[in-house]
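> So the chains spell out like this:
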Amino acid sequence: MTYTTHSESETEALGARFAKDLPGGSVVALYGDLGCGKTAFVRGMARGMGLDAAVTSPTFTIVNEYEGSPRSLFHFDMYRLAGAEELFDIGWEDYLARGGVCAVEWSENVPGAFEGDEIAVRFEKTGDDTREITMEGGPDLC
Amino acid sequence: MLILSVESSCDETAVALVENGRKVLADEIFSQVALHQLYGGVVPEIAARSHLEVVTLLADRALRTAGRTRADIDAVACTYAPGLIGAVLVGVNFAKSAALALGVPLIPVHHIRGHIAANYLAYPELEPPFLCLAISGGNTLLADVRGYTDMSVLGRTRDDAAGECFDKSARVMGLGYPGGKPIDDLGRQGDDRAYDLPRPAVHGDDPYDMSFSGLKTAVVNIVHHAEQTGAELDKAGLAASLCRAVSETLVGRTMRAAEALGYKNIAVAGGVAANSRIRADFEAACRKAGRTLFVPPLRLCGDNAAMIGAQGYYEYLAGHTAGPDLNAYATMEL
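Listed in order, the protein sequences are those of chains A and B. With the working numbering, the residue at position 79 of the first sequence is 79, and numbering never jumps. With the working numbering, the residue at position 23 of the second sequence is 23, and numbering never jumps.
Zero decoy hints are in this set.
Cut-off 25 Å, straight-line C-alpha distance, at most; resulting in silico cross-link-like pairs (SDA-like, lysine to any residue):
#  : chain 1 : residue 1 : chain 2 : residue 2
1  : B       : Lys96     : A       : Asp89
2  : B       : Lys264    : B       : Asp150
3  : B       : Lys23     : B       : Thr56
4  : B       : Lys181    : A       : Asp33
5  : A       : Lys125    : B       : Val223
6  : A       : Lys125    : B       : His224
7  : A       : Lys125    : B       : His225
8  : B       : Lys96     : B       : Arg70
9  : A       : Lys125    : B       : Ala226
10 : B       : Lys235    : A       : Leu34
11 : B       : Lys181    : A       : Ala82
12 : B       : Lys23     : B       : Gly319
13 : A       : Lys125    : B       : Gly230
14 : A       : Lys20     : A       : Gly48
15 : A       : Lys125    : B       : Gly176
16 : B       : Lys264    : B       : Val153
17 : A       : Lys125    : B       : Val172
18 : B       : Lys264    : B       : Ala122
19 : A       : Lys125    : B       : Asn221
20 : A       : Lys125    : B       : Asp196
21 : B       : Lys235    : A       : Asp129
22 : B       : Lys181    : B       : Asp234
23 : A       : Lys125    : B       : Leu233
24 : B       : Lys235    : A       : Asp33
25 : A       : Lys20     : B       : Gly204
26 : A       : Lys125    : B       : Glu232
27 : A       : Lys125    : B       : Thr229
28 : B       : Lys264    : B       : Pro128
29 : B       : Lys181    : A       : Leu34
30 : A       : Lys125    : A       : Met135
31 : B       : Lys181    : B       : Gly214
32 : B       : Lys23     : B       : Gly67
33 : A       : Lys125    : B       : Gly214
34 : A       : Lys125    : B       : Gly174
35 : B       : Lys96     : A       : Gly91
Covered stretches of chain B, as calculated for chain A (at least 3 residues, CB under 8 Å):
#  : region
36 : 78 to 91
37 : 151 to 162
38 : 208 to 217
Bear in mind the hints are in silico, worked out from the structure with no lab data behind them. Glycine included, each C-beta is placed from N, C-alpha and C at the ideal position.
Generate coordinates for the entire structure from the input sequences, incorporating the hints supplied.
What follows is the structure, encoded as structure tokens:
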């Protein structure tokens with residue numbers, strides 16, 4: 001399913017709708033270049049999951065944790081990682097075992113890290129402010 | 001009181017010896033930047049491994065530099081949050097072992113509190129209360145420093161850190177990593193009005209919050225448009241315009257907060273404080289508003305262990321020590 005958004009706040013709103021009923025344990029692999037709205041989408045996910053959290057870029061810390069009940073959100077950023085091996089070095093399997101929703105920015109940097117049951121969300125810049133967001137798997141938002 | 005302090009939250013491994021929170025006897029730093037330049041960013045696994053290799057060597061060297069022995073150490077302080085978790089853990093575990101072996105207290109220090117405390121090393125006369133803008137690759141926040149260990153966040157970035165905006169823009173512009181210095185150097189040769197970049201507006205109830213993600217996106221758009229149309233990119237102009245936009249946001253928010261809260265003293269901390277445009281703008285704004293500006297020298301702006309020893313002293317006085325069960329955290333409130 002492909003969606004078009006025309007602003008950062010629309011991207012955020014789409015993320016909120018997407019994550020509202022997302023089951024715990026879901027892995028969301030985000031793909032797309034710098035400035036495509038990935039962090040904005042995850043900020044929306046946090047809101048949709050009812051988490052009262054200031055979602056900021058996890059580029060520096062690799063992962064930010066937003067605790068919630070019943071679902072926590074683990075926000076990963078693979079921007080500075082060089083391969084799937086390094087994802088395991090930072091404790092990826094421990095996060096999976098905790099049953100939260102894992103949103104992974106720059107998934108293109110960790111090919112082969114997922115087992116095929118992830119939801120892929122691809123961001124494409126079609127204009128300065130417009131984005132085409134394609135989801136493979138996950139909830140139907142129509 | 002002599003404190004042995006350790007910092008390993010990102011790509012710098014550092015060990016220092018600081019007396020009574022103010023006097024630096026040794027300040028050893030091993031930078032991994034050369035390693036990371038190969039990869040265009042900090043690589044966490046490499047960071048942790050490299051910290052492990054050099055931390056004990058640095059500690060021995062710090063003692064030699066200071067002309068002291070292990071028996072002279074009264075406490076051990078370390079950064080325990082926030083940072084790359086694997087990297088922070090190396091420093092925490094080294095500090096735990098050292099404290100245990102020496103039979104002295106262990107003091108956990110928040111990395112950003114350390115950056116704020118770098119000002120105490122540079123300015124013996126500076127005491128709280130003051131307003132402090134902490135700007136680095138991973139953080140951008142404005143802190144109300146009421147006391148040495150009593151502080152709160154007035155505003156912060158809603159998305160990317162200011163340093164991250166420089167790093168990512170530099171990468172798109174082909175200037176390498178880390179991006180702060182090349183952008184600054186190039187920007188000084190350019191016209192700061194060459195490109196009309198957005199001043200990120202933040203909506204909501206937090207008047208001192210900031211946003212840098214839209215600025216980064218604007219730079220990406222400009223570079224891509226130039227690539228697509230074959231137009232020549234004025235890189236120096238773009239770098240200058242970017243520095244100006246970041247600086248206006250940071251300086252504007254800080255001066256407004258100082259006015260509203262009635263603070264005379266304004267401190268700046270963190271690696272991005274090394275940016276010459278931001279320094280110059282702060283100097284001008286403080287001169288105009290009759291406020292006193294504190295900006296540590298370049299060496300103390302980047303990650304270092306002396307600042308951890310400085311803050312560690314005040315944390316110790318406040319009774320903030322930890323046992324061998326101390327953990328490291330990737331994220332932690334100031």
